[in-house]
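K.L.:
Protein sequence lines, in the order shown, are assigned to chains A and B.
Under the numbering used here, the letters of the first sequence match residues 1 to 437, in that order.
Under the numbering used here, the letters of the second sequence match residues 1 to 765, in that order.
Hints in this document: simulated from the structure, not taken from any laboratory.
Check each hint, because a few of them may be wrong.
Residues from chain A that face chain B, not an exhaustive set, calculated with beta carbons under 7 Å [unchecked claim]:
1) 10
2) 58
3) 62
4) 65
5) 124
6) 125
7) 127
8) 131
9) 157
10) 192
11) 195
12) 197
13) 198
14) 199
15) 257
16) 258
Here the structure is a predicted model, which means the values were calculated and not measured.
Each residue gets a CB set at the ideal place from its N, CA and C atoms; glycine is no exception.
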Amino acid sequence: MSQRDLRRRLARFDRPLAGGRPSTAADEAAGDRRPFDHRRAGEERSGGEAEGAVGRAGSIEASLEGARWRGRGPSAYLRIEAEVDRSLWPGPPTELVDTEIWQRLAGGKRPSGENWTILDTETTGLQSGTGTLIFLVGLLHWTRRGGRLVQYLLPEPAAEGRMLSELWDDLRHSDALITFNGRSFDLPRLRTRALLSRLDPSVLQRPHLDLIHPARRVASTWLADCRLHRLEAHWLGRVRRDDIPGEDIPMVYRAWLLDGESEGLIRVVRHNRRDVENLMELTRFLARLYGDGEDPVELPAAAELSLGRALAARGRTDAARLRFERAAESGDGEVARRSAAELTRLLKRRRDWDRVERLLGEALQRWPDWIWARVEIAKILEHRRRDIPAALGQVESSQRILQRRRAVVGIDSEAHWREALEHRKRRLHRRNERLKR
Amino acid sequence: MNLDQLLARLRGDPDFLRNVTLWHTLPAQPARTVSFPADIDPRLEDALRRRGIEELYTHQAQAYEHARAGHNTVVVTPTASGKTLCYNLPVLQQCLEDPQARALYLFPTKALAQDQMEELHGLIETMGVDIKTYTFDGDTPAPARRTVRSSGHIVVTNPDMLHQGILPHHTGWIQLFENLRYVVIDEVHQYRGVFGSHLANVIRRLRRICRFYGSDPVFLCSSATVANPREHAGRLVGDEVDLVDDNGAPRGEKHLVFYNPPVVNAELGIRRSVIKEAVRLARPFLSTGVQVILFGRSRLRVELLVTYLKQTLRALHKAPSLARGYRGGYLPHERREIESGLRRGEILAVASTNALELGVDIGRLDVCIMAGYAGTVASTWQQAGRAGRRKGVSIAIVVASSNPLDQYIIEHPHFFLGNSPEAAIIDPDNLAILLSHLKCAAFELPFVENEEFGDQGGTAQILEYLAEHGVLNASGGKWHWIADTYPAEEVSLRSAAIENVVIVDTTAKRRVIGETDLFSAQLLLHDDAIYIHGGQQYFVDQLDWARKEAYVHQVDVDYYTDAQLKTEIHALDALEREAVVLGEKAHGEIGLITKATMFKKIKLGSHENIGAGKIHLPELEHHTTSYWWTLPEDLDERLREEGLDLGEGLKGLAHLMGRVAPLYIMADPADLRSVAMLRSPFTGAPTLFLYDVYPGGVGFASKLYSLHPLLLEACAERLEQCPCKQGCPSCVGSDLSSGKRAKASARRLLQWARSNEARVARGRA
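Okay, chain A solo, but in the shape it has when bound (with noise of 0.2 Å):
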């Protein structure tokens, strides 16, 4: 079959291509467009003039200060290395992150090295899957003199293999990994695309602080989501301007690739930058919310809540208290109850039932329709004051609360505390019972 009918025969059958070009009824004498010549573009470059995208790289080298060719030919890719402005390095990361708040940040051990990397990619697409091409590795050499930048460029995919080759020796000396979801996103990405590539994927196997779950937990209860720009500018007081939405990103390369269009590329390698070197101001925002002195900025009480809860599950009581206690004084009504609730159940692991006794109190006089502080009451007066009458007096009390609801409400919405809080006075009965006897 000629390839003129072959053509043809395609643009009848191929649906519409998303995420390609629209296909136009131009398609159908598509036969007479010179494609893409890949051959050609495989010869080696010479200075700025080659054809293909490389050649027209050289628009973008020039535009960004720093900027080196890597390799020759199709499989060549740029490298851009800058020193980090001395004015953002906020201190050497082991004195910012120890071995303390690595802990309450990622869990585990501290690596006891110190050159740390802060890495970022920008890709083809959010799809997983192997098809997903990352063309821009950000990285942030961390350490105790300063920050130095590394990124790598593809102008073209052919570059994949040999770009990644050079990222592997950089990750090899790297002793900690800083990213910003980079648990679920980047390094399985950066696996997928090393495999590809037949590399050892154990390479990202490292020491890894993804900061995107301690920053999370924080945000949760009080920003609208948890994107890296709504972090900035809550937290760090930093508004980009002049940047690239992130879900544009994928756009911007095709239309490199497709036609040529550097500006938008360029954009996409100075929004990596900032991104790399905002985590690195993240990390130590991060750090300080979750170190035990003064807060960077001042917390609303839900969220200080949450970072109690996230302290508490790390089992770091004391700080975790401290949370509690402050949101249970500052908060409005439901986020002072729900952080009583936690600094009671905080209490009650280390047994200080008098502390208990007391916070259960004071909630009480707060919240007197509380069933759940009065139950909790119930059993202190039950198992450690041994004041059965007075403990059978909270359950009916919360029986009648939990009627006078009921006939509020006019459904049974509560039906598995009637039955605990049946249960429970049985049970209770029964014992005055014998204490009688």
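Assemble chain B onto chain A, guided by the hints.
P.N.:
Okay, now just chain B, sitting in the frame of chain A:
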């Protein structure tokens, strides 16, 4: 009364025998066995013995040898002949020898996969070894998936999951792909037409990924009887395949009966309704409590069968709930419930589409009644295989409908009993299908220069085309995927349409009861249609074409609806043409526009026409392949001289040929359509088209092109044997639809065409 007595009674019933065209008894057959192969692991042999298997059937031993020698193999034996052991044996042996070895099992449905898992688990448990076997399908919970990926020795899945869930994520399955030794494909005859053409491409992708990881698995297939099992399996896996078809399994005595409902109106060629006859024949079995399975070809027929079965049960003072329907469109949990009800004997009668033809475990029943010929010899044997145990007698009855194919088969039982002439046909190089899988393959691994995908060449041109559309990037001798999409998601292996219409029941609260593809939706779910689901009638209030939702509510009416389809053929491109003496035959590509135009209301029971309505739906347009036969223009005059009519003759022939064609190709009647044009805008002459419903076609057109003389032969025979005078639905269509002179005109056309054929053949010799 037991089954033997019921059969004896049927044999002595002249009213029944009068309508029987075939009573074929397959005698009981003893087992042919050999001892276990010498190299088999003692643990495996011991486990088999403990499970009551002392020796292997001959075909199991042969299959084992081929597989162990590293040959791709297809095993063709009937239902219940122990074919699963044919592949389980070499796979388990391999796993015992090499704990790193992996195997992948593909079953056409989830239900089958689950049944097979139980059998495998049983054997492995008896051995007491650590061979991990997992199913991986849409129901596998996310946390379990990691375990399946890294440590499953045998992964049991379906083609859809391999296509969408495994291959595009192959880097998560390194253990599997690096060590893949066997790929098992069960029931390969199911993978024909569109589904088969897709699967062949999924296998191409699988082999491509295996090459990347340095493995080269052996393919072990099983199939029901088809004309070309070896060729078919070979096309599916893209390699040479050895055939094992010498069945050594025992079988109980089995009766196969062909029953043609009596003619009630000879003039019009009307026979008694196939559905009512099927249910009537089931009645004596039901009254004595013998389990019966009934098969119907369409969803509608199945629903009608259920309705009448329930009536029969009521008349027998039994609970109507003892009869159930089973078909696609039911939700999975409904199906599971029916399957177990059959196994436990809680359901007395089940009416099913070919959904139950597959090896889903419903236990073994005694009686199978097919309301209408199953469409292919293979399907008929599979459905008949639902009745029959290794010991004891069973019966399968084929009740013919008035469809020309049914009538041909019922009058030519020896055509049926002879060697199966039906070939399973696929076209893995269908451009639309190839293109979708080439995209998926490019997503999975970049293409390298000179890499071919498929057998037709042209890969580089397709890659260039995709590069121009911004889907791929060509650089450094590689083609990389650069689009922000997941191509496997856009390709469904099972149907032409990517989009489905969701059916929403609004009777009480909104409830989704099923879904169906766009093409069927225009026929079944148009406004004012009666849609039948689970024996319940629903009135379609609105088909929202834009949102792809149909809103229905339950009703109880005494009619059903039948929609008419208008088809236009508007562009053509002949790939091959050849003069046959009467005119010219050709095949090639066509553009098609279909539109549902109106529907008839037909009364239940009497089948009379009680009303009609218009359907207002947009046209559906697509391109496909067709075979066509162009006749000389002067025929019109020649026929008129004899008082005949070309238009009516052509229309009649189209009706007949479209329904007889499946004698030679394993196509569903719904896969193939016929259209007659008195003056085709393309050929400028009278033309008869038989086209493939799937966009791009899946190989039927070129096959029919090569079968032209045989097709004419079969049409002529059917015409001669039909007792009607002026045409009926069993041959050229009723005189109402095709015209009063249709039969005579078609007969004359066939005479000319065949005498000329004979003359030409003599001349060549």
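K.L.:
A separate judgement is required for each hint: does it hold in the structure or not?
P.N.:
Consistency of the hints with the structure:
The beta carbon of residue 10 (chain A) is positioned within 7 Å of a beta carbon in chain B (closest approach about 5 Å), and the interface hint is therefore held. Evaluation of the residue 58 (chain A) hint against chain B yields a violated restraint, the C-beta minimum of about 16 Å exceeding 7 Å. Taken as an interface hint, residue 62 (chain A) does not check out: its beta carbon lies about 21 Å from the nearest beta carbon of chain B, beyond 7 Å. A distance limit of 7 Å between C-beta atoms decides the matter here; for residue 65 (chain A) the minimum to chain B is near 26 Å, and the interface restraint is violated.
Residue-level restraint check for residue 124 (chain A) holds (minimum Cβ-Cβ distance to chain B is 5 Å; threshold 7 Å). Checking residue 125 (chain A) against chain B by beta carbon gives a least distance of about 3 Å; that is within 7 Å, so the hint holds. Here the hint on residue 127 (chain A) is kept, as its CB sits about 4 Å from the closest CB of chain B, short of 7 Å. Evaluation of the residue 131 (chain A) hint against chain B yields a held restraint, the C-beta minimum of about 3 Å falling below 7 Å.
Below 7 Å, beta-carbon pairs count as interface contacts, and residue 157 (chain A) has one with chain B at about 4 Å; its hint therefore holds. Interface restraint check for residue 192 (chain A): the shortest CB-CB distance to chain B comes to about 4 Å, inside 7 Å, so the restraint holds. A cut of 7 Å between beta carbons decides the hint on residue 195 (chain A): the least distance to chain B is about 5 Å, and the hint holds. A distance limit of 7 Å between C-beta atoms decides the matter here; for residue 197 (chain A) the minimum to chain B is near 10 Å, and the interface restraint is violated.
Given the 7 Å rule on beta carbons, the hint for residue 198 (chain A) is violated: about 9 Å separates it from the nearest Cβ of chain B. With its C-beta approaching chain B no nearer than about 12 Å, residue 199 (chain A) sits outside the 7 Å limit, and its interface hint is violated. Interface restraint check for residue 257 (chain A): the shortest CB-CB distance to chain B comes to about 5 Å, inside 7 Å, so the restraint holds. Hint status for residue 258 (chain A): holds, given a least beta-carbon distance of 5 Å to chain B, under 7 Å.
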